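> Listed in order, the protein sequences are those of chains A and B. The numbering used here puts the first residue of the first sequence at 1, with every later residue one more than the last. The numbering used here puts the first residue of the second sequence at 132, with every later residue one more than the last.
Keep in mind that the hints are not guaranteed to be accurate.
Unchecked claim - Now the stretches of chain B that chain A is said to cover, found in silico as 3 or more residues with beta-carbon under 8 Å:
| id | stretch |
| --- | --- |
| 1 | 221-231 |
| 2 | 255-263 |
Claimed, not checked - In silico contact screen, one side only, chain A against chain B (beta carbon under 8 Å); selected entries:
| id | residue |
| --- | --- |
| 3 | Y18 |
| 4 | S54 |
| 5 | A116 |
In short, the hints are calculated from the structure, not lab data. Keep in mind the model is a prediction, meaning the values are calculated, not measured. Beta carbons: idealized from backbone N, C-alpha and C, even for Gly.
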Amino acid sequence: MSSFQEIEIILARQLSEYLTLAIFIVDPDGNLIFYNEPAEAILGARYEETGPMSASTWASIFQPVDPDGRPLDPDSLPLIIALTTQRPAHSKFWIRSLDRKSRQIEVFAIPLQAQANRFVGAIAMFWEQEA
Amino acid sequence: MKVTLWGTRGSIASPGPDTVRYGGNTSCVSVEGREGSMLVLDAGTGIRLLGQQLPDNMTTVHLLLTHLHMDHLQGLPFFAPLRRPGVRIHIWGPPSTTRNLRLRVLRYLSPPLFPVSLRELSNNLQFHELPAGPVDIGEFKVKAQLVIHPNPTIGYRIECGNTSAVYLPDHEPALGTHTFPVSKEWTSGYRLAEGADVLIHDAQYTEEEYPFRAGFGHSSIRQAFKFGKLVEAKQFIPFHHDPAHGDVLIDEMIRQAVEEEDPAFEVTPGQEGLVVDLNPQDAEDCKKPES
C-alpha cells in the first residue's frame, strides 16, 4: 500500500473528518486507507484499530449480503465498481459489522479522477437504513 | 546551486519605508547551477529586477510557476528576456481540467487586463504542464507536486548533485487538521520537502491572524516552522510575507517562532536580495543582502 497520500486524498480525508456522513476512502489499488468516525459507528470498529486493509480484506470482512442473505460478489460492490470502471456506482445491501451486528446500508461510490489524468482512488459515502 | 530571492512578498506588492529590508516585490526566486543553468521560480513583481540582470547572451529561460494567482504572475510582461529576440522561454505550471496553461496565462496577459498580449511580447514561448514525473532541466532535476492552496498549485523540489532546494511559497498544510502537524504520510508537501537542504516556505500570518484567514491557502509562521521540523529541513527561509507586515513585525514573528519551536534547522529570514549558496566554494555559505 502506498504510504504517502496524494493531495486530493488528503483533502478528501480532511473533509470527511468534518462531515456526519460516513465516508470510506481507498487508493487506486482498492486498499482502504481511511474511514471517518461516522463510518466507524456503522462498520463497528475504529480506524485506529483496524488500520489500512487490502481490497480483498475489506470486501469480505464485512460479509456483504443481498436482501435474501446471499453473499455478494465483491465485484458488485459500489466501491469496487467505481474503482474498476472509474464511474459512480450505487447500491443497497446488508453487512455484518465488526461488532457482529447486521446493518442495511446504502452506498454511493465515486472515483477520484484528478487533474493531469491521475486516478488517485475512490470514496464511498454510506448511510445506514432504518430496519 | 545558488538561490536568490528577488521578491518575497505575498498577495500584493508592498513597497515603502516599512518593508525596505524584507522587500515589497512579490514572489520570484532564481536558482543557478554550477554549470550555468538557471531556473526562475514564479513571476511576481520581483522578476523584473531579475530580468534586468540576466546576461544578454542567455538563450533559454525556464520559468516554473507554482500557480497563476496575480502575485505570482504580475511581473511576467516586465521580464526583459521576453522582449529579446532569439530567447526561448519555457513556462512550466500546474494543470487544469479546463483550459490549458497557455490560455490561462493569456487570461491575464491580454486586454483589457493588460494592454499587450503575450503573443506580441514573444513568439518564442513554450508551455508545459506539471506535475508529471521528475523533469531534467539543464543540470537540475525538478520534481513538482500539487499542494494545498486554492486553485491548482504546485510546489517544486529542485535537485542538483547532492543538494536540494524546495519552494512552497503558498501552502496551507494545516488546513482542516485538528492538530498540526499530523503524520508525515498525510501532510501536504511532505514528500517534496523531505530532508531539503533549503526550504523556502509560506509563513504569511501571525498565530493571531491565522484563525481569521484559515482556508486562504497560507500558513502561520509557527505552522511553517512545524512543517520544516516535520520534513527535517536543514535550512528554513520564511517567505511570502503578508503585505501588511513591516520589517519590525516580521523580525519579531521569526524571533518568537525560533524561541517557541526551537528548531534544529538554521533559520534565514526571507529578505529580498538574499543569496544562499548551497555549494559554497568558500566558507561563506549564506550572503545576506547589503542594507
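> Hint by hint, note whether the structure agrees.
Each hint, compared with the structure:
| no. | hint | verdict |
| --- | --- | --- |
| 1 | 221-231 | holds (count 4) |
| 2 | 255-263 | holds (count 4) |
| 3 | Y18 | holds (7 Å) |
| 4 | S54 | violated (17 Å) |
| 5 | A116 | holds (4 Å) |
Comparing the model with each earlier hint shows a violation of hint 4 alone; every other hint is respected.
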